[in-house]
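The lines below spell out each chain.
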Amino acid sequence: MELNLCLGLPGGGETTATVAGNKRGYSETVDLKLNLNNEPETNKEGSLVSKENTSSICPKDSTKPPPAKAQVVGWPPVRSYRKNVMSATAEATFVKVSMDGAPYLRKIDLKMYKSYNDLSNALTTMFSSFTMSNNKGGEGMIDFMKERKIMDGSEYVPSYEDKDGDWMLVGDVPWEMFVESCKRIRIMKGSEAIGLAPRAMEKCESRV
Amino acid sequence: MGLPLPSKVLEHILSFIDSNEDRNSVSLVCKSWFDTERRTRKRVFVGNCYSVSPVTVSRRFPKMRSLTLKGKPHFADYNLVPDGWGGYAWPWIEVLAKKNPLLEEIRLKRMVITDECLEMIAASFKEFKALVLVSCEGFTTDGIAAIAATCRNLEVLELRECIVEDLGGDWLSYFPESLTSLVSLDFSCLDSEVKLSDLERLVSRSPNLKSLKLNRAVTLEGLESLLRRAPQLTDLGTGSFSAEFEPEMFSKLSKAFAECKQLKSLSGLWDVIPEYLPALYSVCPGLTSLNLSYATVRMPDLVGILRRCWKLQKLWVMDLIEDKGLQTVAMRCKDLRELRVFPSEPDLDDVSVALTEEGLVTVSRSCRKLESILYFCVQFTNAALVTISRYRPNIKCFRLCVIEPFAPDHITREPLDEGFRAIVEGCKDLRRLSVSGLLTDKAFEYIGKHAKKVRMLSIAFAGDSDLMLHHLLSGCEGLKKLEIRDCPFGDSALLEHAAKLETMRSLWMSSCFVSFGACKVLSQKLPKLNVEVIDEMYPPESRPENSPVERIYIYRTLAGPRLDMPEFVWTIHKNPEVGVSNLAIK
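Heads up: the protein sequence lines correspond to chains G and S, in order. According to our numbering, numbering within the first sequence proceeds without interruption in unit steps and concludes at 219. According to our numbering, numbering within the second sequence proceeds without interruption in unit steps and concludes at 568.
For the record, the hints were derived by calculation from the structure and aren't laboratory data. Among these hints, one or two may not hold up.
What the hints assert, rightly or not - Some, not all, of what chain S presents toward chain G, calculated at C-beta under 10 Å:
{"#": "1", "residue": "R198"}
{"#": "2", "residue": "T201"}
{"#": "3", "residue": "F324"}
{"#": "4", "residue": "L508"}
Unchecked claim - Residues of chain S clear of chain G, computed beta-carbon distances all greater than 10 Å:
{"#": "5", "residue": "S48"}
{"#": "6", "residue": "D148"}
{"#": "7", "residue": "K378"}
{"#": "8", "residue": "K462"}
Everything numeric in this text was worked out from a predicted model, so none of it was measured. Idealized CB from N, CA, C, for every residue including glycine.
Kindly produce the complete structure, drawing on both the sequences and the hints.
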């Protein structure tokens, strides 16, 4: 489903909102948006950019379309030359990484890592401030990489969405295949990951 | 009363005065000083190509050797000025070709220049030495070929961030074998591959070559070969710094860099592969300027380079450097004067927060000479701004872009008024300021009260009312350029302080609430200004007078209305019969 927003600016407006992506139901449950501004937008006449506040995770069964983000012309003030250069570079393998309970997403370039270990270390560092205070979370991830067992509910497990839209456990397929097929990563609580493993195995087997 | 100075003596004295600001002051002393000064000025700067006519400039400065022109307003960089607005080089080149054939240097910024223009430059100025085009457009590589082929004494050819229609890499091959005078070549914004062997030969026969900036299409191998031929370079822009890692290539590259003992400035580094970065280690200790803002590598790799750059004065980098990387910069780069941190995610979507206000605070604390800052960041706090201003009262240029519009202090949730107050109160030499984040009218009261030396001010998504503009126009005495977008002020402050506009170079306002009627009033009251209403949606006359217009660009001019206005630009000269509206003028 698509959502079209039009911002009414004085004089007919020069900005329009982008269309919300066609997100699948599962993605909606895990999509944590950047939550920077808890304040309601000051209400100005003729309305300037207004971004919906999406600090909470959407309920699993939500049929509500994900909030659209408005794109503002010329903001942030980055020269088009620079934007063009960056988008040429970014075609590659940027994937979003979210972690249950963390207030923000990260975006990483998978091509910058050489192995699961490398990735795991980077993820641990990135989200270290948000893992459980008893530090089990970080270890839980690394353990998972090495031992390939599902952790109990207090640990974290990295999963990823592949090109087919299926959610798999990170670590099941050879690294290069993973880089090719990974579209986004979600570090989920162990309790939620239990359903994933069998599918991943089946899929791998069916590929062979 | 003293005897008047003989003009020969005055000429001699003036030959020691380079700064145009000083020369402008000299011109005001008396008629004979004006006359002597104008006959001796060699380097002419025109900050707004529409502020004066080419004929006037040409006539006033007959000995002109270098002309610098700026066209579109700054916000054109962010796509706020529609295509076709103006800024054409042709009228200038046409006049100069006839009247100032000894011209040697042309520098254009944000202007539209055609191949025809370039051909005319090549054909008309026999002593032509330097062409520098910054953020220009309208030409193809054929025009560049004309310059290369014809200008026998060419020293400088720099294309910086231009939009060029790239018809191929042949242009480079038009440099004749007899051309040996090149000092600086920058073709970093072109896409096509040039013939490496031609480039190698050009470099080999240019003993004075000091600055070489390659485009992305030049490979690592190509770079290595060129460096071997030009170890005297002081400024290098690499091509694409990436390839399958090969130890042999790495060692050749390292060796080539090690020979470049005079390298001071390094840029380019597109697509850089971290494994090749150590090849740069030998030049790091000598670098004073480093542009890593296109290098998409992680913080540890960036730190590997930066910790060796202890003489660095200018650093441009992306937010991939993170707070941690900036700690290294703070510790090692004690000579840092300018820091720019760009967002790796230019869109509003999903920005990483590994770079916070702490990074800038850390650098500000430790780098005593830091005076110029451009910082894109997801969040900021008043406390950080206060700290920065306390440690660095010497800041001259402060441009903070909090990426989220209306973002408050992320800890206290207050507006950033107090933080910017500290900046303008503490940094008494501040010349340029860009503000962002949640700001009320109060912030502008502080700016008006304290930012007396600020010449250029950029504002977006800020303020509550006309008060904000009132504070700025009544307070900022040194203000020359003001650009504002998406702020909620209307007509009254603008009309009240109309006279101020004659003391400024220009004022840009877009997506604010200024009405067409006010524009008409301003146009009537201040004939020395061009008041341009730039509205692509509706011709302003088609709507009621009190309706707000999309964009307004006001600038002082001696040249009167411009003759090259497109349809979507209105000035009062388009309908001179229109009378002043019934708006009350206080």
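Problem set entry | Those earlier numbered hints the structure runs against, lowest number first | When the structure is compared with the hints, numbers 2 and 4 turn out to be violated.
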